[in-house]
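*Asks:* Sequence order for the protein chains is G and A. Each residue of the first sequence is one higher than the last, beginning at 554 in the working numbering. Each residue of the second sequence is one higher than the last, beginning at 554 in the working numbering.
FYI, nobody ran anything at the bench for these hints, they're computed from the structure. Each hint should be verified, as a subset may be incorrect.
Any copy will do: because identical chains look the same in the list, a pair fits if it lies in one copy or spans two.
Taking lysine-lysine pairs in the DSS-like style, the calculated list, with each CA pair at most 25 Å apart, reads [said to hold, decoys possible]: (1) 641 to 764; (2) 588 to 972; (3) 645 to 974; (4) 641 to 945; (5) 953 to 865.
There are 2 protein chains.
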Amino acid sequence: MAIKQKKRNAFYAQSGGVTAVINASACGVIETARKYRHKIGTVYAGKDGILGALHENLIDTSKESVTAIKALRHTPAGAFGSCRYKLKSLEKNRAEYERLIDVFQAHDIGYFFYNGGGDSQDTANKVAQLSEELGYPLTCIGIPKTVDNDLMITDNCPGFGSVAKYVAVSIREAGLDVASMAATSTKVFILEVMGRHTGWIAAAGGLAAEKAGESPHIILFPEIAFEPELFLARVKKCVKKYGFCAIVASEGIRDKEGKFLSETGLRDAFGHAQLGGVAPQLAQLIQQELNYKYHWAVADYLQRAARHIAAKVDVEQAYALGKAAVEFAMKGKNAVMSTIVRKSNNPYRWTIGETPLAAVANKEKMLPRNFITKDGFHITQAARNYLLPLIKGEDYPPYKNGLPQYVTLKNTLAKKKLKKKFTVNK
Amino acid sequence: MAIKQKKRNAFYAQSGGVTAVINASACGVIETARKYRHKIGTVYAGKDGILGALHENLIDTSKESVTAIKALRHTPAGAFGSCRYKLKSLEKNRAEYERLIDVFQAHDIGYFFYNGGGDSQDTANKVAQLSEELGYPLTCIGIPKTVDNDLMITDNCPGFGSVAKYVAVSIREAGLDVASMAATSTKVFILEVMGRHTGWIAAAGGLAAEKAGESPHIILFPEIAFEPELFLARVKKCVKKYGFCAIVASEGIRDKEGKFLSETGLRDAFGHAQLGGVAPQLAQLIQQELNYKYHWAVADYLQRAARHIAAKVDVEQAYALGKAAVEFAMKGKNAVMSTIVRKSNNPYRWTIGETPLAAVANKEKMLPRNFITKDGFHITQAARNYLLPLIKGEDYPPYKNGLPQYVTLKNTLAKKKLKKKFTVNK
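Using the sequences and the hints, build the whole thing.
*Replies:* Laid out in structure tokens, this is it:
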């Protein structure tokens with residue numbers, strides 16, 4: 554006779570910068586949890602991520618309709634709020650971890666699903682350790698997320714494929730625009746994209762250039778030291794050869810001394826350093842040295858929020874990773890993260906795998922050098938083989954009156970049970 | 554017995570900044586002309602716009618397949634090249650106009666279709682006058698185009714609806730992103746959009762805010778003098794009320810003295826004025842005065858090239874205006890431009906009309922004051938009634954391997970017939 558397992562509640566939180574598909578993971582978690590009603594009671598979501606747990610601001614997702622939860626799949630950004638808040642080490646701030654356990658205990662939370670990057674997987678891992686140490690039964694499962702695609706073990710990170718698609722589509726379109734105008738007007742166009750430490754997103758822009766001469770002509774990676782002379786020579790060569798030059802530049806490019814380009818040079822009238830903007834810096838350099846007419850764009854949040862042009866495979870993987878996290882918990886696994894395992898490139902086949910949280914915590918996966926051409930200005934066939942499957946397919950949100958219909962949840966807070974308040978130093 | 558009309562060739566040119574749907578107009582012209590083979594011989598297109606005529610660089614569109622021409626409908630930017638080149642007045646540079654007529658005569662061009670804004674309609678009108686004066690039979694028809702939506706008479710301009718949709722979708726998506734992050738990170742987001750003289754594009758961003766508190770919270774129009782104190786007070790109020798503030802700012806905003814904000818302030822390390830970028834200026838102001846964490850985006854060419862998110866109605870109208878231009882010519886009309894006539898807002902109904910070129914030449918339609926709220930920071934219901942129909946419907950391009958498949962034409966040049974070369978001063 555099977556022993557009846559006690560039904561316990563779950564806690565789900567989003568962490569760090571949001572993406573076009575992180576809510577699809579939330580959708581996967583909640584819809585799957587609802588199928589295990591005999592084992593999982595209420596799924597609570599952290600209001601503003603892990604802060605929601607620390608402040609005991611738990612959103613009761615059982616108050617949301619089936620339709621509303623389903624709509625999370627096509628809604629960008631973080632439906633419950635996210636946060637940039639990293640728990641310190643257990644030694645430095647054990648009180649925070651203990652507070653988490655207190656809140657979990659008060660709400661009979663037996664499952665902790667943490668949807669984030671390397672830092673968050675580290676936190677999930679520490680919570681797993683402490684709960685064991687304290688004898689509080691808690692299953693901790695990580696769900697990967699980061700537009701930067703810099704997590705170890707998992708073949709790719711949900712959120713990245715959609716940014717990659719946005720960047721590739723955008724530079725293809727803007728490249729055609731510049732090509733049209735180059736005879737009498739703009740000759741150089743620069744698109745600045747995200748990726749402070751790694752060039753994954755910038756690399757994805759390269760997919761738009763399928764044939765010689767197609768945009769982008771130049772990609773600037775954080776992995777390759779920026780050398781103005783080489784760059785300018787390449788720009789000049791492109792303009793001579795193709796009539797124009799389209800550039801994708803990572804926000805994180807640095808000079809030979811390792812200094813971010815975005816931190817150099819510009820001052821306002823009062824002498825304050827100007828903040829941000831690699832694209833205008835490059836534009837100014839081109840104008841001063843080559844005197845070409847230029848235009849530049851900074852995509853910023855538009856790129857990672859662009860659910861309207863999300864990659865179908867990205868949406869599917871985000872959902873599957875959330876779903877798998879719940880299934881892992883149901884199978885009694887603990888302190889693992891769901892991952893994407895690539896089976897083949899062409900046709901692209903993938904499956905869900907798992908990895909211990911410790912293996913992904915606090916690590917960064919850099920763009921391999923063999924993904925960048927020898928001259929440092931474009932991507933190789935190896936990069937294309939890896940990147941192309943990730944932008945495949947379209948998964949359009951529903952529209953009404955010309956606008957995408959994204960869901961706003963009720964986000965009803967559960968009644969607090971702890972008398973003690975807890976304040977974090979943001 | 555009907556008199557057999559002589560078959561003559563046609564010349565089509567794109568002018569000024571390109572759009573996501575100007576090629577749909579080209580598609581309308583060429584496909585329709587191909588239906589009138591008994592009257593229209595070859596459709597030549599100007600390589601790089603009107604320069605193609607002056608330099609006798611005529612693209613022979615009969616060399617393009619039916620499939621390629623059909624694909625123009627979903628291809629952004631200018632497939633034959635455009636140019637920023639305005640013919641001077643007849644008095645100042647009669648030689649240019651005479652050269653046009655010479656080239657037209659050499660290639661037996663009897664129809665001139667000019668696809669552009671107010672300047673281009675002026676040129677088309679002058680060419681019509683001169684051809685009559687010189688006794689050269691030429692039918693001149695204008696086709697409207699401008700993302701700025703600033704042409705007179707026509708209810709709206711093709712190209713605008715798609716930019717409007719891009720801006721509304723983008724600020725809705727980015728607004729959700731900021732809302733997710735505001736608890737611990739970014740509180741203010743600024744999206745800079747096009748519109749140097751008029752606020753039509755910025756106004757379209759307002760459509761995303763359907764309910765109180767939705768993004769954008771603030772719109773900055775070129776029509777309203779920018780007053781830092783009022784602006785900052787509004788930003789502060791939004792952050793207090795909603796936790797964050799999403800802003801759409803026109804590149805053309807000016808201070809009370811009429812000076813462009815983008816021309817003030819920033820200098821590089823050598824004291825050179827920094828070029829462009831209202832969004833970073835506003836961000837810096839907010840950071841200095843309110844100390845909020847901010848992000849900013851500059852959409853630049855991405856917005857007007859964004860065929861992937863074009864408005865269906867915009868594509869249909871662009872095509873219909875090109876088609877109508879040929880039909881007007883077939884009916885013997887001359888020196889007119891095809892226009893959009895609005896029949897009703899809800900349901901939105903429109904039809905094709907016409908106007909003498911003289912009525913649209915060199916004029917600008919400003920955003921009416923009653924489209925802007927009294928406080929100057931948002932749009933009114935009147936604006937919504939006008940704008941909403943223009944972003945309706947989606948018209949996705951075909952995709953392959955995750956990327957939109959845009960056509961690149963062969964652009965075969967017709968053999969030159971004139972011995973005399975002509976050089977323009979760009």
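*Asks:* With reference to the structure, classify each hint as holding or not holding.
*Replies:* Hint by hint, here is what the structure shows:
no.	hint	result
1	641 to 764	neither (49 Å within a copy, 39 Å between copies)
2	588 to 972	neither (33 Å within a copy, 80 Å between copies)
3	645 to 974	within (20 Å within a copy, 79 Å between copies)
4	641 to 945	neither (38 Å within a copy, 49 Å between copies)
5	953 to 865	both (21 Å within a copy, 13 Å between copies)
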